[in-house]
Amino acid sequence: MSGILTEKVYYKIGEVADILGVKTSVLRFWESEFPFLKPIKSSAGQRLYSKNEVDLALQIKHLLYNEKFTIEGVKKRVTAKGKLINPEDRLAEVTDYSAMLKDLRAELKILRSLL
Numbered sequence: 001m002s003g004i005l006t007e008k009v010y011y012k013i014g015e016v017a018d019i020l021g022v023k024t025s026v027l028r029f030w031e032s033e034f035p036f037l038k039p040i041k042s043s044a045g046q047r048l049y050s051k052n053e054v055d056l057a058l059q060i061k062h063l064l065y066n067e068k069f070t071i072e073g074v075k076k077r078v079t080a081k082g083k084l085i086n087p088e089d090r091l092a093e094v095t096d097y098s099a100m101l102k103d104l105r106a107e108l109k110i111l112r113s114l115l
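Using this note's numbering, the first residue of the sequence shown is number 1, and each one after it goes up by one.
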């Protein structure tokens with residue numbers, strides 16, 4: 001199989017491991033670390049990954065192996081629903097937070113001068 005997704009609804013853990021080029025134990029570890037990676041289980045207990053979850057696993061692998069993120073770094077980069085956070089969006093949040101702190105500091109200075 002090696003990297004090619006067919007038009008299946010679900011993929012067994014062994015198939016996903018082949019697609020990603022990792023061991024099944026790595027996928028089970030990722031499941032324990034990333035709450036958004038939760039394959040369903042068949043009545044026989046076999047893990048079944050949707051195409052979306054295979055895509056998420058590919059993103060995790062890319063962030064860990066290619067971008068050299070840590071597990072914690074990936075957790076910060078991906079939302080609980082499995083969406084990648086755009087770094088520019090995160091910078092905007094920090095900038096907005098910084099502006100709020102500057103305003104608060106200015107107000108505190110005014111309060112201090114009134115005392």
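Keep in mind the hints are simulated off the structure, nothing from the lab. Accuracy of the hints is not assured; some may be wrong.
Unchecked claim - Distance windows between CB atoms, simulated:
id	residue 1	residue 2	range
1	103	70	47 to 57 Å
2	65	14	51 to 61 Å
3	106	29	42 to 52 Å
4	18	76	20 to 30 Å
5	103	8	19 to 29 Å
6	99	75	21 to 31 Å
7	23	83	48 to 58 Å
8	103	21	47 to 57 Å
All C-beta atoms in this analysis are idealised placements derived from N, C-alpha and C, irrespective of residue type, glycine included.
Hints and how they fare:
Distance hint for residue 103 and residue 70: a CB-CB separation of about 34 Å, inconsistent with the stated range 47 to 57 Å. For residue 65 and residue 14, the Cβ-Cβ distance of about 20 Å falls outside the hinted range of 51 to 61 Å, so the restraint is violated. Separated by about 48 Å at the C-beta atoms, residue 106 and residue 29 satisfy the suggested range of 42 to 52 Å. Look at residue 18 against residue 76: about 29 Å separates their beta carbons, and that is inside 20 to 30 Å.
Judged by the Cβ atoms, the range 19 to 29 Å given for residue 103 and residue 8 is violated: they are separated by roughly 54 Å. For residue 99 and residue 75, the Cβ-Cβ distance of about 27 Å falls inside the hinted range of 21 to 31 Å, so the restraint holds. In this structure, residue 23 and residue 83 break the distance hint of 48 to 58 Å, their C-beta atoms being roughly 26 Å apart. Here the CB-CB span from residue 103 to residue 21 is close to 50 Å, well matched to the stated 47 to 57 Å.
Comparing the model with each earlier hint shows violations of hints 1, 2, 5, 7; every other hint is respected.
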